[in-house]
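Q: Next come the chains, spelled out residue by residue.
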Amino acid sequence: MNILIFNCGSSSLKYRLISIPEEKEILSGEAQRIGPKTSEPARIIHRYNDKEEKITAEMKDHKNAFEKILNIINNSNVPEPDIFGHRLVHGGDFFRKPVIVNKEVINELMLTKSLAPIHNPPAIELIEACSLICPKVPQILVFDTAFHSTIPEYASYYTIPKKIQDQLKIKKYGFHGTSHFYVIKEASKYLDIQLKNLNAVSCHIGSGGASLCAVKNGKSIDNTMGFSPLQGLIMSTRCGDIDPAIVLKLLTMNNCKVNDIDKLLNKKSGVLGLSGKSADIRDSLPAKNINFEQLNSVLQTYIWRIKKYLGSYITISWPINTIIFTDTIGEEVPYIRKLICENMEFFGVKLDDELNENIKTFPMDISSIKSKVKILVIKTNEELEIARNCYSVLKGKRS
Amino acid sequence: MKSMIFYPKKLTIEYHYLDNNNLIYINMISTKNYRKKTNNLYSILDQIFEYHKKNKIETVFDNILIHSIYSGKEFNTSIVKINNFILRKLKKMLYDSPIQINLILELIKACQKKFNKKPIYIIFETAFFNYLPVYESSYALDVNLKNNISLTRTGYNGLFHEQAMDLVDNESSKSNVKLISICLNKNPEITGVINKKPIFVTSGSTPMEGLPGERRSGRLDPGIIIKICQEYKWGPEKINDLLLNESGIFGLVNKNISLKDLYEKNDKSRDYELAKKIFEYQILLECGAAAGVMNGVDYIVFSGLYYYLGKLISKHIFKNSLFHNNNLKIKYLSKKLDEIIIEKLNNRFN
Numbered sequence: 001m002n003i004l005i006f007n008c009g010s011s012s013l014k015y016r017l018i019s020i021p022e023e024k025e026i027l028s029g030e031a032q033r034i035g036p037k038t039s040e041p042a043r044i045i046h047r048y049n050d051k052e053e054k055i056t057a058e059m060k061d062h063k064n065a066f067e068k069i070l071n072i073i074n075n076s077n078v079p080e081p082d083i084f085g086h087r088l089v090h091g092g093d094f095f096r097k098p099v100i101v102n103k104e105v106i107n108e109l110m111l112t113k114s115l116a117p118i119h120n121p122p123a124i125e126l127i128e129a130c131s132l133i134c135p136k137v138p139q140i141l142v143f144d145t146a147f148h149s150t151i152p153e154y155a156s157y158y159t160i161p162k163k164i165q166d167q168l169k170i171k172k173y174g175f176h177g178t179s180h181f182y183v184i185k186e187a188s189k190y191l192d193i194q195l196k197n198l199n200a201v202s203c204h205i206g207s208g209g210a211s212l213c214a215v216k217n218g219k220s221i222d223n224t225m226g227f228s229p230l231q232g233l234i235m236s237t238r239c240g241d242i243d244p245a246i247v248l249k250l251l252t253m254n255n256c257k258v259n260d261i262d263k264l265l266n267k268k269s270g271v272l273g274l275s276g277k278s279a280d281i282r283d284s285l286p287a288k289n290i291n292f293e294q295l296n297s298v299l300q301t302y303i304w305r306i307k308k309y310l311g312s313y314i315t316i317s318w319p320i321n322t323i324i325f326t327d328t329i330g331e332e333v334p335y336i337r338k339l340i341c342e343n344m345e346f347f348g349v350k351l352d353d354e355l356n357e358n359i360k361t362f363p364m365d366i367s368s369i370k371s372k373v374k375i376l377v378i379k380t381n382e383e384l385e386i387a388r389n390c391y392s393v394l395k396g397k398r399s
Numbered sequence: 001m002k003s004m005i006f007y008p009k010k011l012t013i014e015y016h017y018l019d020n021n022n023l024i025y026i027n028m029i030s031t032k033n034y035r036k037k038t039n040n041l042y043s044i045l046d047q048i049f050e051y052h053k054k055n056k057i058e059t060v061f062d063n064i065l066i067h068s069i070y071s072g073k074e075f076n077t078s079i080v081k082i083n084n085f086i087l088r089k090l091k092k093m094l095y096d097s098p099i100q101i102n103l104i105l106e107l108i109k110a111c112q113k114k115f116n117k118k119p120i121y122i123i124f125e126t127a128f129f130n131y132l133p134v135y136e137s138s139y140a141l142d143v144n145l146k147n148n149i150s151l152t153r154t155g156y157n158g159l160f161h162e163q164a165m166d167l168v169d170n171e172s173s174k175s176n177v178k179l180i181s182i183c184l185n186k187n188p189e190i191t192g193v194i195n196k197k198p199i200f201v202t203s204g205s206t207p208m209e210g211l212p213g214e215r216r217s218g219r220l221d222p223g224i225i226i227k228i229c230q231e232y233k234w235g236p237e238k239i240n241d242l243l244l245n246e247s248g249i250f251g252l253v254n255k256n257i258s259l260k261d262l263y264e265k266n267d268k269s270r271d272y273e274l275a276k277k278i279f280e281y282q283i284l285l286e287c288g289a290a291a292g293v294m295n296g297v298d299y300i301v302f303s304g305l306y307y308y309l310g311k312l313i314s315k316h317i318f319k320n321s322l323f324h325n326n327n328l329k330i331k332y333l334s335k336k337l338d339e340i341i342i343e344k345l346n347n348r349f350n
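These protein sequence lines map, in sequence, to chains A and B. If you count the first sequence from 1, position 42 lands on 42 in the working numbering, and the numbers rise without skipping. If you count the second sequence from 1, position 334 lands on 334 in the working numbering, and the numbers rise without skipping.
Since the hints were derived computationally from the structure, they do not count as laboratory data. Watch out, some of these pointers could steer you wrong.
So the derived list for chain B, only partly shown, Cβ under 7 Å to chain A, looks like this [claimed, not checked]:
{"id": "1", "residue": "Ile-57"}
{"id": "2", "residue": "Ser-137"}
{"id": "3", "residue": "Ala-140"}
{"id": "4", "residue": "Val-143"}
{"id": "5", "residue": "Asp-221"}
Here are the computed lysine-lysine pairs in the DSSO-like style, where the Cα-Cα straight-line distance is at most 27 Å [what the hints assert, rightly or not]:
{"id": "6", "chain 1": "B", "residue 1": "Lys-117", "chain 2": "A", "residue 2": "Lys-171"}
{"id": "7", "chain 1": "A", "residue 1": "Lys-113", "chain 2": "A", "residue 2": "Lys-103"}
{"id": "8", "chain 1": "A", "residue 1": "Lys-216", "chain 2": "B", "residue 2": "Lys-277"}
Chain B stretches covered by chain A per the calculated footprint, using a threshold of three residues with CB under 8 Å from any CB of chain A [to be verified]:
{"id": "9", "stretch": "74 to 83"}
{"id": "10", "stretch": "161 to 170"}
In this text, a Cβ means the ideal position worked out from N, Cα and C, and glycines have one as well.
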């Protein structure tokens with residue numbers, strides 16, 4: 001069975017054709033600059049047979065992008081997709097597990113638009129385009145927030161009036177759930193610990209967004225992101241935790257222009273805000289490894305925030321089996337892993353510097369033999385996780 | 001030694017008359033009224049102390065102490081004697097904390113006039129936090145904004161934390177003692193202290209951030225404020241009121257109750273139980289965070305108005321936790337703010 005996975009961004013559309021249950025990637029690609037014209041032309045980067053092709057194509061919306069992608073796939077001499085699998089960043093309280101698309105699902109999905117105004121509307125547009133253009137291909141939706149639906153009430157509530165929380169559907173939803181769940185399952189296999197017995201902290205540290213997830217008995221019990229992806233760690237351009245009074249001050253200073261503040265906190269803060277130069281934390285790394293006190297303040301502040309949350313999440317998931325590093329920074333920057341794990345012996349965490357510097361394969365255990373907690377580096381694969389989810393939904397339906 | 005301590009707040013000035021540590025008399029001035037009627041704090045003080053005289057309420061004192069939350073970066077010690085140099089420094093702080101500092105300056109002026117030659121001291125809460133490391137005190141916001149608004153994290157219960165630190169320091173022979181100090185006031189606060197220096201604090205650039213309080217929200221996803229603005233079309237003032245006066249425990253149980261009530265009223269309703277769980281969970285998270293950046297903890301000290309609730313809370317949250325070990329000592333500091341202030345004054349004389 002071939003599943004075409006879509007990962008829809010506000011102006012991009014990533015795709016990957018995966019054959020299941022073999023878990024073999026057939027092709028992949030990304031449509032970029034969808035929507036209004038930008039300084040560079042819209043294009044599709046298509047990867048097939050170890051080759052990468054750049055195709056310029058006008059794509060006014062996600063429906064348009066889907067048509068172009070489908071054409072490219074049809075010309076690639078590969079079997080047609082049997083299923084479309086979609087990644088949805090937000091399922092609100094409506095979706096706690098993957099679902100097959102039908103009219104009712106679409107109606108409920110419409111109600112989640114305001115919860116993820118950047119991501120969900122184009123994803124819905126794409127789902128509708130798929131139904132229209134390929135009505136016979138079933139579609140399955142996998143939600144990032146679903147993995148976090150197990151976060152207990154006391155951790156998902158905010159301390160503002162309940163009435164407002166209920167009216168505006170405010171609660172901690174958590175994000176990056178598909179990635180966290182994928183690496184948790186991989187860790188469970190690697191450590192030979194049943195998922196239901198696994199306690200862990202999963203560190204999804206991307207070059208853009210980042211979140212930590214506390215896992216108890218294989219289930220998410222907390223996530224650093226909250227109602228929105230703004231809360232928590234310092235990210236490339238998102239501020240993470242800030243004093244709510246600062247948001248109010250900024251609103252006053254900007255004559256209550258909410259959209260400007262939204263943009264400021266989402267697009268101009270984080271590492272970019274701190275450094276004033278670059279949104280990529282890798283640009284703040286020193287030329288050689290130095291100790292924490294000697295680091296520049298951007299990197300110090302970035303690491304400090306992660307260490308605070310790591311301490312919190314080890315505490316609530318205690319006793320823990322493993323800390324997992326994943327996504328671009330988590331997988332590729334050993335120095336950041338080192339800084340995070342340094343001086344964590346109280347929690348039984350000790351890194352092996354040599355193993356950390358020489359990752360040869362994924363998953364890799366980089367903990368010292370003295371460490372009571374395993375430190376793993378696992379390459380995330382959200383698309384594969386979505387494909388697996390799609391497959392089990394269909395299998396469940398058939399059996 | 002007899003002292004008069006003034007606690008200037010947003011709408012009131014509370015004053016406590018003490019004979020050493022014994023509280024003899026307590027009263028309150030409404031600043032709202034004085035501003036409306038006379039705009040002269042001196043005449044209010046005059047009227048009050050005439051009334052005391054008439055009614056034979058003894059308020060003869062040796063010194064005056066004025067409690068200030070905010071110290072700015074100007075003052076690094078928690079107690080200073082007022083003189084012209086200090087007044088000039090205080091005036092410099094007007095820009096950062098106009099309402100509070102203005103009231104303090106007015107109060108000093110009135111006290112100088114009314115109680116001629118009595119020594120006046122000012123006690124700062126935030127001075128304790130002046131050496132918080134930059135990586136703890138910074139927010140990840142546009143560097144250019146820092147020129148326009150105060151964007152530095154600080155703590156607001158420095159006097160309690162300092163006492164907790166002294167308590168541990170007297171007891172432990174270990175150098176580099178790691179302390180988690182939990183101040184259970186109306187707006188609770190946790191700080192992590194290592195080697196007598198705070199390196200972690202839950203409050204933010206204002207007391208709005210941090211642990212949930214009796215009526216304040218505490219930590220919040222910034223996206224929630226944006227959502228409220230967009231959906232309800234509320235302005236910053238209304239949201240400020242929501243987050244400072246209608247949130248926290250009050251927002252969860254929809255009743256005006258104190259932290260003490262929450263724990264001692266024995267109300268088993270779902271709202272009360274959930275509010276307790278939320279509060280305790282936030283404390284556990286912050287203790288974990290403090291331990292995370294200090295690489296452990298030797299002491300946990302509960303202090304503040306509701307220090308005694310620490311026994312129950314620690315029983316709930318530390319049981320079977322990482323903190324449940326023989327090396328950790330949990331202490332309770334029963335001193336009131338008045339006592340701490342008088343002790344500070346005495347230490348200064350010694």
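Q: Take the hints in turn and mark each one as holding or not.
A: How the hints compare with the structure:
1. At a threshold of 7 Å, the smallest CB-CB gap from B:Ile-57 to chain A is about 40 Å, leaving the interface hint violated.
2. Interface hint status for B:Ser-137: violated, as the beta-carbon distance to the closest one in chain A is roughly 9 Å, over 7 Å.
3. Below 7 Å, beta-carbon pairs count as interface contacts, and B:Ala-140 has one with chain A at about 4 Å; its hint therefore holds.
4. Given hint, B:Val-143 at the interface with chain A, holds; its Cβ is 4 Å from that chain's nearest Cβ, closer than 7 Å.
5. Evaluation of the B:Asp-221 hint against chain A yields a held restraint, the C-beta minimum of about 4 Å falling below 7 Å.
6. Among the hinted pairs, B:Lys-117 with A:Lys-171 is inconsistent with the structure: their alpha-carbon atoms are about 57 Å apart, more than 27 Å.
7. Restraint check for A:Lys-113 and A:Lys-103: the C-alpha separation of about 16 Å stays at or below 27 Å, so the hint holds.
8. Annotation: proposed proximity of A:Lys-216 to B:Lys-277 holds, straight-line Cα distance about 18 Å (limit 27 Å).
9. Residues of the stretch 74 to 83 of chain B with a Cβ under 8 Å from some Cβ of chain A number 0, which does not satisfy the need for three, so the listed coverage is violated.
10. Given as covered by chain A, the stretch 161 to 170 of chain B fails the check, having 0 residues with a CB less than 8 Å from a CB of that chain where 3 are the minimum.
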